[in-house]
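Engineer: With the sequences and hints as input, model every part of the structure.
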Amino acid sequence: MATHILSSTARSGFGSRLHSVATCRLPLARSQLPHRISAIRVQSTTAQDTTAPEQYDVVIVGGGIAGSALACALASGKASSTQKIGLIEAFDLSSHAKWSPRPDQYSNRVSSLTPKSVAFLKKIGVWAELDPSRVAEMEGMQVWDGVSGARITFDAANATSTRSSFLHQVLSTSGLIGNPAADLEYRDSSFNDGSDIKSSPLAWMTENLHVQYGLQKQILGHQERGVKLDIFERTKVQGITVKQAYPTDADVSAPAGSTAADVSDWPVIELDNGKKLQARLLVGADGVNSPVRSFASIESLGWDYQQFGLVATLKVDHLTSTAPGNGVGIAWQRFLPTGPIALLPLNNGFASLVWSTTPKIAQDLKKLPASDFCVLVNAAFSASPAELEYLYKNIGPDGQPLVDFQQETEWRAGVQDMEAFRTAFGSSRTDAKPPKVIEVQENTRAPFPLRMRNSNSYVEDRVALVGDAAHTVHPLAGQGLNQGLADVECLARVIEQGLLSGSDIGNIHSLTPYSSERFLPNLAMLGTVDKLSKLYNTDLSPIVWARSLGLTAVDSMGPIKTEIMRFAMGLEDAPHSNRS
Amino acid sequence: MSYSMARISSRISFLPRINAATAAHGLRSPRLARVPGIQARISGARVFSSTGTPHHSSTNDNNTSASSEPHSSSSVYTVNKEEIAKFAAMSDEWWAPQGPFKMLHLMNPPRIRYIRSRLEAVGTISSTASKRFPLQGLRVLDVGCGGGLLSESLARLGAQVTGLDASVENVQMALIHAKKDPLLNGGGPGSVEYRHQTAGNLLRSFEFVDMEQLVEEGLQFDVVCSLEVIEHVDNPAGFLKVLGDLLKPNGDLILSTMSRTKLSYFLTVLCAEHLLRMVPVGTHHWSKFINPEELAAGVEDLAKCQVVNIQGIGFNPLSGQWELTRSRDGSNVDSSTGSGGWMSLLGSPMAEAVNYFLSAKKAPAP
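As given, the protein sequences belong to chains P and S, one line each in that order.
Per full-length UniProt numbering, the first sequence starts with residue 1, numbered consecutively.
Per full-length UniProt numbering, the second sequence starts with residue 1, numbered consecutively.
Hints are computed from structural coordinates only; laboratory data are not their basis.
Note that the structure is predicted; figures quoted are calculated from it, not measured.
We put the CB at the ideal spot given by N, CA and C, even for glycine.
One thing to keep in mind: the hints can contain errors.
[To be verified] Computed footprint of chain S on chain P, listed as stretches where at least three residues anywhere in the stretch have a Cβ under 8 Å from a Cβ of chain S:
| id | region |
| --- | --- |
| 1 | 337–347 |
| 2 | 498–504 |
[Said to hold, decoys possible] Computed far set for chain P versus chain S, every beta-carbon distance over 10 Å:
| id | residue |
| --- | --- |
| 3 | T82 |
| 4 | F91 |
| 5 | S133 |
| 6 | G149 |
| 7 | T235 |
| 8 | E299 |
| 9 | N394 |
| 10 | F448 |
| 11 | H509 |
| 12 | T512 |
| 13 | P513 |
| 14 | L523 |
Structural biologist: Right under this line is the structure:
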């Protein structure tokens, strides 16, 4: 059956994408390959073509947390578990199941999972696979301004003090946001009853590798139960193509002659091991430089902050904290002119550091000797920005400190404590201090560039994007992974509903509810976090004055604080109406 | 709200070069009801099957031909290349997300939810039916199938669907589109075939055949659906009678149409057509709208079916989705919307004041 490309004139907009971008050569593709494939492949194939692609209902590119979670969610759906699913990952996936960390070591990639994310992980059976001793409960948050000292504190009670705000009720009844029943579903699966939420943590801290371990365990379980879930690991996607957009005469005028369907508008994914997959629905869970997004020619807008994030695993001494309960389970975040620094609680006196700062400082921090690094981290939570500036400047080109950091900070801290005592005299306010960092775990300091991106759309015909492929957020609120899991939860539900109503799940009509449910909440989160980051990235006094006033005001206004908390915890649901 | 292909077919300035018998039937008439008394013969029934039987005439180039097949009274016909390109483009427009049929596409999932829930409620689908293919084993007739939207969905759920449409363009588009999914082409238990015919002709063409052969041809169905069609039919009484005849004993009839109310005039004609241009102007003929009680009486008297459910459906402009209202017996199919949709807020009779569904059951065989 000969196939050819029809001219692209006078087409409706629907099919035009397939003409404008029929092929995407990926940056990952090996350029030394002997043969390059032209932009649009004109193929003359026969039914006996030995390299004919294997058909899948859903092909997920990217086996990170978002991609693996989608595979798990589909494999646990009543209708979606009947689908043939492919999961492609460039690195090792099966080794995640053998993850067995030492109790005194933590990986430096840690996430704070919101109650909503945890409820979803419970629903797809992953939470039960996790080791509770490596999941830390975050009970409270202390956020303060490094320039003015204005402070806001959160605990879980803030989030639930008004169970259902007036605004929430109005929106629920008008169908603008999720119905109360659906909202309750999360609570019910996450907590025994509504009152329990009061004592429930704000978030759960755990290593990304730990979540990957739970996901991989579930995937293996689904495979054993007979779900058609094929893993292609240690293989890269080499190209994604669409053969052609329109049927030919042969296809149509021989309706009774062949039983083979014309799936020429299904994307073909070619792997570097020669395997070809053809997908009814192609899901890009392939990160910020998503090849799937390029294939779908979905534009992604955003910018790189001139900032790096430095992560590290730290050992802290809780006895040095003045917070209630020695600050166990408290997350600390201080906004400095160079960016926020955050100390997130792990178990057994460990903590995870996320320090956003300038690219130069981030590189210097990585090279600094461990003991000096700890001194600098402690200073970053207590010293004045001017003093920090002095210390940054005294890191030599080889990463060695030019002055004695320990001595410099102790000397100044002594004087400042005296001053603080004098000014605080008579006022009741004494701010809680975070625990002192005493050790940094070897080889856990890693800088990475901070970016913000949002795709113009999360869906195209036969393509959907989830997680970082769809949007990338500044890590200051720790919402990146939670947003990705919310995407996955939504897409899996939309696919399940599509199957129940007999839809073609790759069709743009079936995918639109996913895009419309996730786009605005993600944009709102991106916008909020971006504004916060810009607001705090300065020490201009009018702005510092205004933001401090705002922070203090918010801290004393219960309902607003509650709404902020609920949003950050993922309790405030996105506008959607399509759940059943 | 009709999505018959009136608009598109009126733009088409060609007739597919089909055989003389077909042309003689005056097939360009766009509306189901306006096909003037076609005297179709058995030889004139054209079946476009996407799975069907071996095909004999694939070597045709520009001319089309009919080849009769030994075991059926149908003929397969082919069209030439340029025409296929046109049909493919039309098909794309028909299926385009922001095209003139957007509202119909949005309506399809709640339609399927309604049909599934009704078939479950009356026991046509057992509660233990496969989650994947709950309609497996059911023969379903979709009268006024348009581009095949409902037919395809029903077939994906496992049904063997026959789609009927008065417009040859619609049937061509539906056929092209159905080829695009392996699930409809042997990948699952469901199948679709399309016939370019009116429901009346489907029966009439077998006038000369005795009952035995009619049963052999399977020209009675477990489920007959005709959604948003009857308001475009010139002779709704005759139409209802034929629908009843096409049902097997104990079969299910699913209809949807629009009430003739001030509200429906305001929403469907004034707002949807003239103000918001959501659907093409001239889509609706308000005077042909039928109120639920009228339709119920017609179904009982003419189609000889027992009405079991009437339920409204309304478009929610905030969510951009169609929502089923609470039905008269208080049941709520759409658990997704909790409230039963905004139309339910208007109260029981008003919930069906615009678009509504009706389901009925034919008496069991005596």
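Engineer: Okay, which hints does this one fail, numbers in order?
Structural biologist: Structure breaks hints 1, 3, 11, 12 and 13.
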